[in-house]
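Asker: Chain by chain, the residues run as shown.
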Amino acid sequence: MTDRTEPSSAACSSAGYSSLGASPADPSAEPVTYRAALTRALDDAMAADAGVVVIGEDVAGGAGAAAQGGTGGAFGVTAGLYDRFGAERVIDTPIAESAMLSMAAGAAATGLRPVVDLMFADFAHVAADPLVNHIAQAGALFGDAPGQAGHLPLVIRAAFGAGDRSGAQHSQPLHGALLRLPAIRLALPATPADAYALLTHAIACAEPVVVLEHKRLYDTTGPLAGDALPWGRARVVRAGRDATLLAVAGQVAPALDAAERLSGHGIEVEVVDPRTLNPLDLGTLTASLARTGRLAITDEDRCAAEIVAGRLAETAFALLQAPPCLICPAPGPVPFAPGLEDAWAPDAPRIAEALRRLCTDG
Amino acid sequence: MTDRTEPSSAACSSAGYSSLGASPADPSAEPVTYRAALTRALDDAMAADAGVVVIGEDVAGGAGAAAQGGTGGAFGVTAGLYDRFGAERVIDTPIAESAMLSMAAGAAATGLRPVVDLMFADFAHVAADPLVNHIAQAGALFGDAPGQAGHLPLVIRAAFGAGDRSGAQHSQPLHGALLRLPAIRLALPATPADAYALLTHAIACAEPVVVLEHKRLYDTTGPLAGDALPWGRARVVRAGRDATLLAVAGQVAPALDAAERLSGHGIEVEVVDPRTLNPLDLGTLTASLARTGRLAITDEDRCAAEIVAGRLAETAFALLQAPPCLICPAPGPVPFAPGLEDAWAPDAPRIAEALRRLCTDG
Amino acid sequence: MPAPTSQPTPGSDQTPAPNDWTDACARAAWAGLVRCRRFEDAVMDAWRAGDIPGVVHVATGQEATAVGAALALAPGDMVTSTHRGHGHALALGTDPTALMAELMGRRTGLVAGRGGSKHLSDPERGLLATNAIVGASVPLAAGAALSAKTRQTGGVALAFTGDGATNQGAVFEAMVMAVALALPLIILVENNGYAQTTASAYASGGQSLAARARGFGLAADTVDGSRVDLVWSAVSRAADRARLGLGPSFIEAAVGRLEGFFSLDAQAYRGADEVARLRAAACPLARFRAKARGGLDDATLAAIETDQADAVDAALAAARAAPPAGP
Amino acid sequence: MPAPTSQPTPGSDQTPAPNDWTDACARAAWAGLVRCRRFEDAVMDAWRAGDIPGVVHVATGQEATAVGAALALAPGDMVTSTHRGHGHALALGTDPTALMAELMGRRTGLVAGRGGSKHLSDPERGLLATNAIVGASVPLAAGAALSAKTRQTGGVALAFTGDGATNQGAVFEAMVMAVALALPLIILVENNGYAQTTASAYASGGQSLAARARGFGLAADTVDGSRVDLVWSAVSRAADRARLGLGPSFIEAAVGRLEGFFSLDAQAYRGADEVARLRAAACPLARFRAKARGGLDDATLAAIETDQADAVDAALAAARAAPPAGP
Ligand SMILES: Cc1ncc(C[n+]2csc(CCOP(=O)(O)OP(=O)(O)O)c2C)c(N)n1
Ligand SMILES: Cc1ncc(C[n+]2csc(CCOP(=O)(O)OP(=O)(O)O)c2C)c(N)n1
Ligand SMILES: [Mg+2]
Ligand SMILES: [Mg+2]
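Chains as they are written, first to last, in the UniProt record's numbering: chain B, 1 to 362; chain R, 1 to 362; chain G, 1 to 327; chain A, 1 to 327.
I should point out that these hints are in silico values taken from the structure, not numbers from a laboratory. Here the structure is a predicted model, which means the values were calculated and not measured. For every residue, glycine included, the Cβ atom is placed at its ideal position computed from N, Cα and C. A couple of the hints might just be wrong.
Derived list of chain R stretches under chain A, where covered just means 3 residues or more per stretch with a C-beta under 8 Å from a C-beta of chain A [claimed, not checked]:
| no. | region |
| --- | --- |
| 1 | 53-61 |
| 2 | 92-106 |
| 3 | 162-171 |
| 4 | 328-341 |
Take the sequences, apply the hints, and build the full model.
Answerer: As structure tokens, this is what we get:
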């Protein structure tokens, strides 16, 4: 049964939406799901700016014409938007992601603010050309001021992450691949409050932004408004003096758990949630490393962790008293079977063990 | 005029091929171009194994049916192969790279050894899905023994690199993106001898291999046979005691130049050409760092350099006496204008200056 | 929204079984149909019971395309498939125990539990691989076709794909490629009217998928995909063409999806009556009884059905008893 | 290799100019044609002289598609283009000095020397961007079309693309998308018979590109692309449809490529007579004189030609004198 609660159904996502809709007066008062926070961000942005459109497969849903609110996308995040904003602004597409992203770029350069729902992040690879060869380049080539072809206020949302038995082609992280495209901003919210805040900022932003949503987080709950950190600022989720643990997206929860376990054994780990990887908040990380002297990174994307480790080695070498410790999955696709998949992304015990070694042998 | 010599024409590439053809008896005796070395590797492999086929746009050339030897692809590397092996093994395709790569994978799993000519590495992004979602995964999912669907003895050749005024979408490096796909081997020959040796190995290899050819190297010359280092072994191109400079592909020559410049000033730089980035020869690098204590990397792909720096920080931290020094282009697309493009990839003076600072302030 | 044009309807074809549809064909077909149906029903039950992790995409109602195509192919031919591939594997002869064990994430699974429902492979039986990126099955099969052509094995390759998937660039590119290179490729589209919740007629702008393929130069046919005999005949013709070097074919088979898109689908986007109507009009098993049974009497059909049910039940039990895949 | 079917031929159409082709149209068209031709000739000379770095893809012989389309569009409409885009920019009104300076890598270039020949953009004149990834111009234009539709500006978007490019998945996906969303999009394929050295008929399996597009549900036409008046008329019709909300159109224009694929092309793959034949039969300037000049006499044409030549020569001189782009 546990395997079934994680992937979202149309039913539970609509429920998530309506429960949010029931208390619009004080959105921060009661806890909402990560999914509902994303929906709210879309809803608010669309209400505020007629140029914001949502594009994707089944984002309206319902045989292409949205029966009673539609399904709201594979994860239910866009549920209800069709009823409120109509087919001209909640646009169901054929399964043609390459054209979808390229079209979004063309639309962004000519007056719209498209928010593309890519569904699973793995599907970005059928649409890599517009991402790499156009969206990541047009600003520098053509100028990014309004009216210029490189002005691309567009958002791409995509879900990733192990843990829902989706298999190899519906689970892979994407952020390692995107980090090589400096022109594309990159947010990975780990809480409902950040889901709302980062997606809201992304839609308002003049530059292209990819928002990566961890599948395991959709049903987690929390307040809609958090301590309002600005875009680009990392959050110190837990203070500590012995090591700095950068934990990305789905890894924040097991990282905190690991830190608590170690706390009982005299090791205090500072856990940092980067919130955005582009920009990467080197300031907060460096300040933390100045206190702790030890760097660990836990991330489902080993390549992203290596890039961040490389950057910190380059810029904060003098602060490091030990080699950076990467707590990441072994190479290879995300496996299907629960026993294999659960052993893939490092869990709290594995993270704790790696940190213990870092802080004692290191 | 200098701008014109670098991009290869059909004419000069055929010339390259015929001059090679003129002395088949002792291939290592006289210098050949990098281009001719690649041609020779293809020619030898096709002669030795009827399963080797070449697939790409204009690889035969000549209106799809190869007029007198055809053009041999955009860089002339496959010139002459059509005449020798015919249309069944030198296969001109429509401009459909995604189908091309996926087809190559299907063919490799069922008895052929395809060598795909992707032309410019930038075009890999229209074909990223078969690369990332299939070729990089099938071995682990389905097994990679002969007869299994993940047995993918295929080679993808692609050209990259700044310096030939090709502009933003015909110059980008690809290896940073490929490093996140551990199942895909990755070779970047910097000399004619390595072009021959690495491509030959790649075709014989049971696993998928990408061979990235730097455009500025096609017309460089050298012996066909070098000091036969095995696949996966990095080459110490120049010994030194003060710093280890890892120089990738087109950066090897300016790196050597920079090292010579510094030699006059009492700084001896060890220049290492990795030859393959997957596998990455951590042994040779670590041994070098044990001597020098300082790491510099010069690479047109900053992301690749960051990944390598991250890995070395993780595995060889104790050997480093200074922060890794990445000598790479500033973020952004490769610009067109000569003055801009020549300032993009670090040249010998910039490399030398960075090394001088590393070895004196570091 | 443009109205659908010339899209075939499952359950509509009233032509008699082809002349060369022998009782041996019918016997094999019936065994395949009931095996596939029983298996998918067992999958849904096992999923509901919590024995199958994640979600599954069953092919209930789409048995005739799997079985008809498999019957028309020869040893050495290669098949690729999609996220909805259980039936294709079974029809080709994949061991039901290994398949069920894969869906359950067992060590004895077809690919040792690494893949799950969407990532199957059984090349010895002609199933090269299934693929969860929609459309990707088609160019992959083009590769097997290229191999057969280059190595002159006389083999063909067949790609199963869906109506939604045929809007992917990779599928169109594969068509262009197959025509330019005259590949022995068969593209068999199971048009079940939907891609997730999106109607095929909407996504494809009401165009006939077969007519689109014809524009690319493929020999293109539509077929009532609820009729195993007609599918068999269409695939046989396409395979003959391919073996003669006449190039690729495209078959648009109209099928009825009798379950949801996947096991979690509440199907609010289609009326309950649609499924009832499809079950009545387009169930491949009923259609077989009505149109393709040849000389087989009820007792024979019942005996085959019992055999197959036993085999699936045994597979289910064996898979359940197998150890979970683990690190 | 299948024989080409229903692919149009440049220079073959003998119909008279359309009725609404006024002398004002003819005057503007002639100015555009000679400006484009003179410019591309100047580009080849400058390239040979070493003043233009890298390689260039000139559109000599393809002037009528650029000029005819630009004449048919309205302010606010958006155009995307390819690696062979100088003429498209000029026809839309891009300053020839800025364009030449871009090709020469000057600081005063259209995009400050960052892009070069293949990366142009001049949105104020309706040129959104050119793209060096073949096919990519088409879905990008679909985006501009979506914007026009959503914001109800009454605008249309036109994508220039090539015959080779129309085999890219992105182009097919854009067609599917444009039909499903009824986008005000015009796809104008300049079929010059070749993609690099590969014949269009080989790569597209001898299929008509227009017929392929029709299969997707686009209104699709073929046109003699050496006739500026007929291109104008075809694009005007397509734009009218688009503005009325009737959805996307596809125009396959047969053109003759009078130079090589790019400036380094030795053209061993086609006989020298082919170019001579095209120059005689399918040169848009000659075809204009014969078919589309309306009431304009030789003196008028000569005067316009002199003006345009002067403008291009001045642009060349100004670009040469401009400072190189540098760090
Ligand atoms: C490239 C890509 N985009 C989107 C998806 C998500 N997805 C999985 S199945 C599916 C619908 C496929 O429809 P169809 O091809 O008709 O097959 P059916 O499910 O009806 O059998 C979608 C959109 C995917 N797997 N791959
Ligand atoms: C995706 C991609 N593949 C290959 C190329 C290399 N390339 C540049 S132009 C060209 C031929 C294009 O032919 P066509 O579309 O007919 O345009 P033409 O050059 O004839 O104007 C090719 C293959 C490219 N730029 N992009
Ligand atoms: Mg379907
Ligand atoms: Mg062409």
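Asker: Run every hint past the structure and note whether it holds.
Answerer: Tested hints:
A stretch counts as covered by a chain when three or more of its residues have a beta carbon under 8 Å from one of that chain; for the region 53-61 of chain R and chain A the count is 3, and the coverage holds. For a cut-off of 8 Å, the count of residues in the region 92-106 of chain R with a CB near a CB of chain A stands at 7, and the three-residue condition holds. Here the region 162-171 of chain R counts 7 residues with a CB under 8 Å from a CB of chain A, which clears the bar of 3, and the coverage holds. Counting residues of the region 328-341 of chain R whose CB falls under 8 Å from any CB of chain A gives 7; the rule of at least 3 is met.
When each numbered hint is compared with the structure, no violation occurs for any of them.
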